[in-house]
Each structure stands twice: as structure tokens, then as C-alpha cells.
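Residue numbers (this note's numbering), protein chains in the order written: chain G, 339 to 629; chain B, 391 to 679.
To be clear, the hints were calculated from the coordinates, so they are not data collected in a lab.
Note that CB positions come from ideal geometry on N, CA and C, so glycine has one too.
Be aware that a few hints might be false.
One-sided excerpt, in silico: chain B residues whose CB lies under 7 Å from chain G [to be verified]: (1) 503; (2) 506; (3) 509; (4) 533.
Between beta-carbon pairs, the in silico distance windows are [as the list claims (entries may be wrong)]: (5) B/500 to G/447: 26 to 32 Å; (6) B/573 to G/619: 30 to 36 Å; (7) G/449 to B/484: 37 to 43 Å; (8) B/573 to G/379: 35 to 41 Å; (9) G/464 to B/645: 22 to 28 Å; (10) G/615 to B/482: 46 to 52 Å; (11) G/622 to B/672: 37 to 43 Å.
Derived pair list, reagent style SDA-like, types lysine to any residue, alpha-carbon separation capped at 25 Å [claimed, not checked]: (12) B/566 to G/615; (13) G/443 to B/485; (14) B/501 to G/615; (15) B/608 to G/507; (16) G/524 to B/439; (17) G/524 to B/440; (18) B/524 to G/442; (19) B/524 to G/409; (20) B/518 to B/449; (21) B/518 to G/409; (22) B/566 to G/438; (23) B/518 to G/592; (24) B/566 to G/533; (25) G/443 to B/442; (26) B/518 to G/532; (27) B/518 to G/620; (28) B/524 to G/529; (29) G/524 to B/540; (30) G/524 to B/608; (31) B/668 to B/645; (32) B/608 to G/523; (33) G/409 to G/615; (34) B/524 to G/438; (35) G/524 to B/616; (36) B/566 to G/532; (37) B/501 to B/436; (38) B/442 to B/425; (39) B/501 to G/572; (40) G/524 to B/527.
Residues per chain are reported as follows:
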Amino acid sequence: MTARQMTAGVRLRVRKLKGVIFLLLCLLAVGVALAALLTLLVDVARDGVPRLSWDFINSYPSRFPERAGIKAALYGSAWMIAITIMVALPLGIGAAVYLEEYAGKNWFTAILEVNISNLAGVPSIIYGLLGLQLFVRAMDLGRSVLAGGLTMALLVLPIIIIASREAIRAVPPSMRDASYALGATKWQTVRQAVLPYALSGIMTGNILATSRAMGETAPLITIGALTFVPFVPDGPFSPFTVLPIQVFNWVSRPQAGFHQAAAAGIVVLMIMTLGLNLAAILLRNRFQRRW
Amino acid sequence: MSIRPPGPGARPALEDTLSGDPRPAEATATAEAFGESVILRTEDLSVWYGQKQALDRITLSIPRGKITAIIGPSGCGKSTLIRLFNRMNDLIPSFRQEGRIYYEGYDLYAKEVDPVEIRRRVGMVFQKPNPFPKSIFENVAFGPRVNGFRGNLRDLVERSLQQAALWDEVSDQLGKNALELSGGQQQRLCIARALAIEPEIILMDEPCSALDPVATLKIEDLMRQLVPRYTIVIVTHNMQQAARVSDYTAFLLAGEERVGRLVEFGRTEEIFTTPKDKRTEDYITGRFG
């Protein structure tokens, strides 16, 4: 073989060039996404971080921008999320287990599946209208944190069902075989051989759904969550506000002081959502199993 | 369904859960002809998955306390056949069978028979070691636990691990995750797990195909130690393994239409030295398959 045959010909060089161009395009895509996120973070942090203080977190809203705080909104968010999780978690996991382990393959489950996927894509304001009619009016819960939590539970339910189903489906069939072959019943197999190993995936999905619920504003405005709340909820029937609504309220005020407060509120909200996402990632890595 | 603790007490209750009249053993060219006691018997057994037929009128007897090997080329229905014996095929929605399987003379597929109860008496070891990602102890304890075992679990686990020739290697690390064991150890753990429910029959579906030769020999030694206390049925595509380990051999073959039929059944040394059927001879001498 001569040296000439060992060097790359023109056609090979063109092929390699195509590969490089593709790589650059991919890098560009990543770069745009990262740049947008970074701009957002830096911009908000510049306005908001100086305004952050213990007083800000521990104060009620006020008509004086420098005295306004997010205590009521933080408590409201916590109450709402707690109710959302308590309702959506058992319902979502239960539905996922039914669909994956018990439901047969027929037209009925096919329709169910399509509908659940569609529900995950329904605009959140529609859920707000549903919650307004169903919880606030028909069930007469009023503009309470309970009505808000239930509305939010409906909103995240499809997300939890879909994520939990994925996790259950990822449990290898050999685990079910092993359990059945040892004389376990269907329920014992689901409970002891399937769910424990789907659990980290299920929890990841749930945490992501929770962080989605934390940032949602539209459905709560629709059901009439208040924007000026100088108290913390004293029970599930108490009126309430949440962080994103508080931020929304401040942004719509003319005074620059409120805009800084809004930026500080966004920083807090971001830290909480990013924290939840981080927890989801850690949980996934922590419980990742070798199969 | 009633759940009873595994043990000697479980046997008399057989009549409660398995129904149908015990059939007198008919003389076919199967195990009875060799003067063996029969524990499992199939009669004109055919299997379909949806429209596709997988087995065609298999009539075969499995002798008690012996190792019976089921050999044949890929796709001849070996695994389908063995999974009939503990009704694992029931888990496949499109599965359908005709014909009969008798276990100790009772019809395994009678309406009143609960597959869960069958699987307590007929254990299974799979092709790929499939321990649960739990501790060694929890793996062995899984079967007794789901079957409501009330007794000394620790003793039962130790006894099962000893029977599976794994105890000496793991006795001081029962809390270790089973997935940290080697492939051969994992498979012996799966055997220990199957033994812990004290079955009468152990089905092994190509148990060594994922293992290296040393681990394979260990499993084969172990199988010899488990008979005659247990009856073993092993599916293998490895003819040397069938010849080394089994007492009886059944040879299955599928024709052009991919439907498995029983070609020959007999003592292993006869199948491998003086087969009656030309196709058996061709297969064992490596002319196809």
C-alpha cells in the first residue's frame, strides 16, 4: 500500500466536513438555549438579589414597596402544594398501576390512554375554569386554598400518570416472571416486585409535576385566588395567594420598588423549582438500579 | 386460594386444590415403559399463541426424582413446553392450549386449579439469572414470605442456600445486594430462591446459557445433588449438557411450519448412543440445528 492510498481523498474530506457542520449546528442549538436561560437568570438576579432579605421572606405584602414581603405567598404555596400532592399522588399512581398492570388491551383502554395524553396538553387556564365551576361553585369550597389545591391536582394528574406508567413499564419482565414463578399473586407481584423498582422513576415524575404546580398562575387566578393577602392560611378553607400570583401582582404595579420585589420573588420561586428539579435528579441517580 | 406454609404439611392438602380424577398411568412409549414413577404427564398437548400453533400433540411423561432434559433446535417449542408445567404461559394473553397435563394424576389446567398454587409446587429457574435487586437474604426469603411462611425464616434461607451450594460463599454477607454476585452465583441464588418454597419439581429453562463453563459445571453438579429429592426438568440447547446431566431426554423438532413435535423420548444414554429415529441421530451428531 502506498502513502497516497493512506491519505484522505477529496470525497472522504467532504464527508468529514459534513460531520463537523452537523456538530456545529448542534452546538449552536445548545448555545441558544443556554444563553436564553442565562440571560434570564442574570437579569432577574441583578434586580432581585439585592432586595432579598429575611425581612422580605418574613413580611406580609404592603402598599409600601420597600416593606412588602412574601410570607403569605410562601405559606399559600406550601399549603396548596401539600394538598395537590396528597390528592394527585395516590390517584396518579393508582391510575398508572391500573393501566399498566391490570387493564387489558382493548378499545376502552386505548381511548383512556389517548385522553390522558391529551389532558396533559390542555392549557392550564381550562383547568382553572373547571376548578372554578366544580370546586368553587358546585362543591361550594369558595376561593379557598383547598379549591386551589384540588384544581392543581387535576392539572398535574395526567403528568403524574404518564410519568408513573413510564417508570412501571421500565421494570424488566424478568422481575415479574421471578415473582410469579415463586407463587406470588398478581397483587403481591405488583406490590413487592414491580412498585419498589419503579419507585424512583415514579418519585422523579411526581417531583417534576410538583415543580410545575408551584409555578402555575393562570388556573389560580381563574378560581379567584387573592392578590393581596396580609395573613397566612389558617386551614384548608382559608383564602390564599401563591408566589407566582404575588409576583404577577407586583409586576403590574407602576412603582419601580415593586418591580424589584417581583424580581426577588422570582428568585425565590426559581430557587424552589430548581431545588425540586435537583432533588428529582439526585433521587434518580441515587436509586438507579443495575438490571 | 388458601396459602399454607411450605413443608411436609403441604402435601396432604393437594386434593383440595388440584381436582379431577387421578388417572391410571396408560402405557405409552414414555417413562412408564422404563419402570419409573411418573410425576408429570402430558396427553396430546397442543399450544397456540394467537393463530400460530407452537406445539402439536405432545404426549410425554416426566419421571419422578430424575433429571429430564428437553433438547431440540431453536424455535422447536422447548421453552413453551416447560412453561406449561407451572402455567407461566397463562401470563401471555394470546396463549391457548388443548390436551391435558397431569401433575400427580391431577389435571393442571382444570378450571378450579389456581396457577398460583401450582407455582408453589413447581419452581422455575430462568435463562438469565434474575435476582431481585435486594439483599441475598431477601431474595431467598421472597417466596416463603409471599406464601405466608411462619417459621424460622433464617433457618430456611440458610438451608436453601446450602442446598444450592452457595452458602459457603455468601454466609457472611447475606445483606449484600444480590446484583453484586457473579453470574454463576446469581443463578445459584435463583435456584436457592426456588428451593426456598420447597417445590416438588424444578423447571430450568436453559439455566446455563448465560454462564461461563466453570459456572455451568457448578450448576450441573448442583443439579445432580438435588435429585432424587426434587424432580428436575431442564431445557437446554447444549447437547453435551443434556448428555452429562440428565437421566432421560426428550427430543423436540419443528418442521417447516415451525410447530414443535416430540420426536423421541428415552433414557439419555440410549438417545445419545442408539437413537431410534433418524432425525434424532442427525441432530445429536450435529448434522443440523
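Violations among the numbered hints, reported as their numbers in ascending order: Hints 1, 7, 8, 9, 10, 11, 12, 14, 15, 18, 19, 20, 21, 22, 23, 27, 30, 32, 35, 38, 39 contradicted; others consistent.
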